[in-house]
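With chain A held as given, fit chains B and C onto it using these hints.
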Amino acid sequence: MDLLDNLGLGLQTALQWQNILFCLIGVALGTAVGVLPGIGPTATVAMLLPITFSFDEPVSALIMLAGIYYGAQYGGSTTAILINLPGESSSAVTAIDGHQMARDGRAGHALAVAAIGSFVAGTIATLVLAVAAPPLARAALNFGPAEYFALVVLGLIASITLASGSTVKALAMIVLGILLGTVGQDIYTGTPRFTFGIRELYSGINFVSVAVGVFGVAEILRNLHDPQRRTKMVDKVTNLWPSREVLRSIVGPVARGTGLGSVLGVLPGGGHVLASYASYAVEKRTSKHPEEFGRGAIAGVAGPESANNAAAQTSFIPLLTLGIPAHPVMALMVGAFIIQGITPGPEVMTSEPELFWGLIASMWVGNLLLVLLNLPLIGLWVRMLTVPYSVLFPTIVTLACIGTYSLGQNAFHVLAIAFFGLLGFVLLRSGCEPAPLLLGFVLGPLLEENLRRALLISKGDPSVFLTRPISATLLALAALALLLAVLPTIRRKRETVFVEGE
Amino acid sequence: MASPQNEVDATARRGLRPRSDADLIAGLVFVAFGVAFGVASLGYTIGSLREMGSGYAPLLFALVLTGLGIGAIVKAYVSPDTHHPGELPPEDGSVGLGFERVHWRPIVFVVAALLFFALTVDGLGLLPATFGTSAIAAFAGKGMAPFRALLIAVGLTVGCYVVFVLLLQLRLPLLGEWLG
Amino acid sequence: MTTSGRKSRLLRLGAALTPLCFMAAACSGGGGDPADFPDDNIEVIVPFSAGGPTDTVTRMIAEPMAEELGVQVVVQNIEGAGGTVAAGEAAQADADGYTVLMHHIGMSTAPTLYPDLDFNPVEDFKTIGLVTEVPMTVIARKDLEPTTLEELTTYVTDNEDSVTLAHAGIGSASHLCGVLLQQAMGVEVQEVPYDGTGPAIADLVGGQVDFMCDQTTNTTTQITSGAVKGYAVTTTEPVESLPDLPTAAEAGLDELEVTVWHGLYVPSDTPDEVVEKLNSALQVALKDQGVIDQMGDLGTAPVAEDQATPDALTQKLESEIDAWSGVLSGITAE
Chain A
1 MDLLDNLGLG
11 LQTALQWQNI
21 LFCLIGVALG
31 TAVGVLPGIG
41 PTATVAMLLP
51 ITFSFDEPVS
61 ALIMLAGIYY
71 GAQYGGSTTA
81 ILINLPGESS
91 SAVTAIDGHQ
101 MARDGRAGHA
111 LAVAAIGSFV
121 AGTIATLVLA
131 VAAPPLARAA
141 LNFGPAEYFA
151 LVVLGLIASI
161 TLASGSTVKA
171 LAMIVLGILL
181 GTVGQDIYTG
191 TPRFTFGIRE
201 LYSGINFVSV
211 AVGVFGVAEI
221 LRNLHDPQRR
231 TKMVDKVTNL
241 WPSREVLRSI
251 VGPVARGTGL
261 GSVLGVLPGG
271 GHVLASYASY
281 AVEKRTSKHP
291 EEFGRGAIAG
301 VAGPESANNA
311 AAQTSFIPLL
321 TLGIPAHPVM
331 ALMVGAFIIQ
341 GITPGPEVMT
351 SEPELFWGLI
361 ASMWVGNLLL
371 VLLNLPLIGL
381 WVRMLTVPYS
391 VLFPTIVTLA
401 CIGTYSLGQN
411 AFHVLAIAFF
421 GLLGFVLLRS
431 GCEPAPLLLG
441 FVLGPLLEEN
451 LRRALLISKG
461 DPSVFLTRPI
471 SATLLALAAL
481 ALLLAVLPTI
491 RRKRETVFVE
501 GE
Chain B
1001 MASPQNEVDA
1011 TARRGLRPRS
1021 DADLIAGLVF
1031 VAFGVAFGVA
1041 SLGYTIGSLR
1051 EMGSGYAPLL
1061 FALVLTGLGI
1071 GAIVKAYVSP
1081 DTHHPGELPP
1091 EDGSVGLGFE
1101 RVHWRPIVFV
1111 VAALLFFALT
1121 VDGLGLLPAT
1131 FGTSAIAAFA
1141 GKGMAPFRAL
1151 LIAVGLTVGC
1161 YVVFVLLLQL
1171 RLPLLGEWLG
Chain C
2001 MTTSGRKSRL
2011 LRLGAALTPL
2021 CFMAAACSGG
2031 GGDPADFPDD
2041 NIEVIVPFSA
2051 GGPTDTVTRM
2061 IAEPMAEELG
2071 VQVVVQNIEG
2081 AGGTVAAGEA
2091 AQADADGYTV
2101 LMHHIGMSTA
2111 PTLYPDLDFN
2121 PVEDFKTIGL
2131 VTEVPMTVIA
2141 RKDLEPTTLE
2151 ELTTYVTDNE
2161 DSVTLAHAGI
2171 GSASHLCGVL
2181 LQQAMGVEVQ
2191 EVPYDGTGPA
2201 IADLVGGQVD
2211 FMCDQTTNTT
2221 TQITSGAVKG
2231 YAVTTTEPVE
2241 SLPDLPTAAE
2251 AGLDELEVTV
2261 WHGLYVPSDT
2271 PDEVVEKLNS
2281 ALQVALKDQG
2291 VIDQMGDLGT
2301 APVAEDQATP
2311 DALTQKLESE
2321 IDAWSGVLSG
2331 ITAE
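Residue numbers (the numbering used here), protein chains in the order written: chain A, 1 to 502; chain B, 1001 to 1180; chain C, 2001 to 2334.
Chain A extracted, bound-state conformation (with noise of 0.2 Å):
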């Protein structure tokens, strides 16, 4: 069968023993720097590539390339896990409730969720890739500007799950998020909105800016208020690995967080974005313990992980079988196809199957590389949680700052880092919890840009996100959405005026 040729002979390429080294390297230096605070994976990746540059062998090279990749996300989940930090937007999710496990002493659990999840998507994704790149890319062309605008409306209400608070509250941080994601030069009109002349903004407020300070730094005022807070999780820092049971229960998150990210990941306008909210808010919805969720729920965890990794390996198809970046670190990744003399598009299959195949299957091997090298380094994480506050809040602080600068060598991205931390903390104060917001900041731009785009083609008729069938599909689950997120807020308000009249 063709389908086990091509395997056999991507294996073949990858499981050379220099291959496996370069994959081994780049999954442990991916990991090592994605792990450092204000460093989210697009940083390391873009930090890291220019030392694959010097590679003769391009299979090599981009193997590498793919473990910096899987090994940066992992190591910016760590660092969401352990200090309530994420570095890109996904891991802003896997905060939520893996902090939370952190704090009750169960960071090991959730970093080896973390790990298995990711390593269990990894796997199947990598299959869905082999089967059936071409016709999903081509599916995923079907996906015009009326759809991504329905699909990120879907995704902004379905997130209102991510806070355990007030509905109102929720839905005024992501409309602030979309207002903050507005900041910045209009890709219509060329306008710099609410730049103040900093030509800083011009591109838009940094995202580690906004997570560094409404997460890190809000969370480290936070535990400064409250000693407390900390000494609980330092002293229960004991069970790391977890139980049969535990990972039975895992089951369904991973499956149903896989085929989301697998199928989210091959749109190439943003859905690698949506993928893990989207896994929350459906674990959420579907548990038997939905109150459970925000307060340490392993399928918050589980799910959202695994729809991530699903989903930054699907995004290689858009990039494999038609050139086109996903994201931000395909697009890195297309320069460093192109310093190796092939330029990523649909020849490379057919005129490089070697490339092709060996990097299909040394994505494989990457998971189970990242897998193999982190489970063991739990423990070693874990510790990190035992080193005296004192000591390690300086240290977050610092390493943000220059983790934030580094890139570009702009001061000014620090000073909106203290802006933002001031901001998240009168938030947290007044009951608002943050990942609305930075689902909000970043998906808005897409909203925006999509609508726009959407009405321009269809010459100002709304009714374009009607008669397309996908669309409509689309926005008819974003209302059932909003519905179910609003009525047990007002049956219970019902209740509490009718407990109040008594």
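Hints are not guaranteed to be accurate.
[To be verified] Partial pick of chain C residues on the chain A-facing surface, computed with a CB cut under 10 Å:
#1 E2191
#2 Y2194
#3 Q2222
#4 Q2289
[Claimed, not checked] Heads up, simulated DSBU-like pairs for lysine-lysine below, C-alpha to C-alpha not over 35 Å straight-line:
#5 A:K459 <-> C:K2142
#6 C:K2229 <-> C:K2142
#7 C:K2229 <-> C:K2287
#8 C:K2287 <-> C:K2277
#9 C:K2287 <-> A:K459
Simulated from the structure, these hints should not be mistaken for laboratory data. Where is the CB? At the ideal position from N, CA and C, for every residue including glycine.
Frame of chain A, contents of chains B and C only:
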């Protein structure tokens, strides 16, 4: 930790005071941002549905945010977030506390540390900025002894030098122009 | 711990730090005498993200240039505001030749697109030379009827109200080319801006928009694989990697001549001696077979020897600033 339910009851008895400071502050923050973005977006082309200007979407979202903010303020007086029997209590007292029990020391020092880095890294260079930032940040903790802070700062400066400059080979100016 | 113990530990730490500080001072100082240039690593600032076409071109020439100069050439990506953040920073860098700016056509459109620019492309920089001129291509979704540029012009003119032209954002190369293309065709169609080339081409391949103009770096594989229709290249000579495409002039649109030219710059106070050394390194790099091959893969080539000179780049820069200020009047980022 006082039960939120009791706090609510206590403030409610004081007449027209909001029953939830948290909701009130959240609402005010949202309204402030909503109004600021809304007013600012009036300065840009609004355009039409067919050809939206730069101000269209921001104005729309600013109005929504202002509305939600007003909603939160109303909620603060009418039906604040309370916890129901059967639901778990908030994980600790720090979410939704409003401005009760705010300690200024950590806020001042952490923010000062960030500002110090942002304002001096170009002028002083990476090493002095790292040193100063970590020293200032260390003082955000209660009862930090100067010597201990110094140790932390020295350790972090060396550590960051090793990680970012030696290992990652980032091209960062180590000593800035202010130092010649 | 006793006081003296503390003190001695402090001293030891201080002693350990001292060599670090010296090393740092030595590294950041750089050479002072232009005759010794270069005795330290050279940093090339790229105003766009790592992995983009400009970054790729820079990294291609960085290696042979480094060999020629005998020091490392380090690429630093500083993104933002159509490249003006990087150019602004480069303008203020020490004028010792250790900070070099790579910039493309955007250097000449910035004064028109950004009226409040904090640097002057002509006065604040000395030019080193042109590097490459990347050709652009006119492409359309694959199910669009016209098969030649002439037919496309007719089609677009007939359907002026309904066709859509994609581009990668205000001020991007594909936007500039799109503006010229519309002028050459004598039409004004609905522009659909995207955030970068990737998503724009994705929607063109998916048939969501009708046509666009972009660099060969981004379009060659899409054209050869048949994912989009190619109509013409925007250079005076045909492009080797796309032998089937006529030049725009051959296909009837004389006015459509545009390339994404890349050049190297240093701050204006840089000594001439240093500029000469950088220029001769550039000349060597552009004759490197590896560079020629790699650029060939991207559908472009190094510029001729007489173009890789300060004078040629200055001339190009000045004439392009003039040209674009006319074409782009009315489109500003303000």
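- [ ] Sort out whether K2277 of chain C lies within 35 Å of K2287 of chain C, counting only the CA atoms.
- [x] holds, 16 Å
Task: Satisfaction of the Q2222 of chain C interface hint, Cβ to chain A closer than 10 Å - done: holds, 7 Å
- [ ] For the pair we were handed, K2287 of chain C and K459 of chain A, check the Cα-Cα distance against 35 Å.
- [x] Distance of about 51 Å is beyond 35 Å: violated.
Open item on the list: Check the hint pairing K459 of chain A with K2142 of chain C against an upper bound of 35 Å on the C-alpha distance.
Closed with: holds, 22 Å
TODO: Sort out whether K2287 of chain C lies within 35 Å of K2229 of chain C, counting only the CA atoms.
DONE: holds, 33 Å
Task: Proposed proximity, K2142 of chain C with K2229 of chain C (alpha carbon, max 35 Å) - done: holds, 5 Å
Open item on the list: Hint validation: Q2289 of chain C versus chain A, beta carbon distance must be below 10 Å. Holds or violated?
Closed with: Hint on Q2289 of chain C: violated, closest Cβ of chain A at ~13 Å, above 10 Å.
TODO: Grab the minimum C-beta distance from Y2194 of chain C to chain A and call the hint holds if it beats 10 Å, violated otherwise.
DONE: Holds - the Cβ of Y2194 of chain C comes within 10 Å of chain A, reaching about 7 Å at its closest.
- [ ] Go through the hint on E2191 of chain C and say holds or violated, using the shortest Cβ distance to chain A against 10 Å.
- [x] E2191 of chain C check passes; min Cβ-Cβ to chain A is 8 Å, inside 10 Å.
Of the hints listed earlier, those the structure fails to meet are numbers 4, 9, in rising order.
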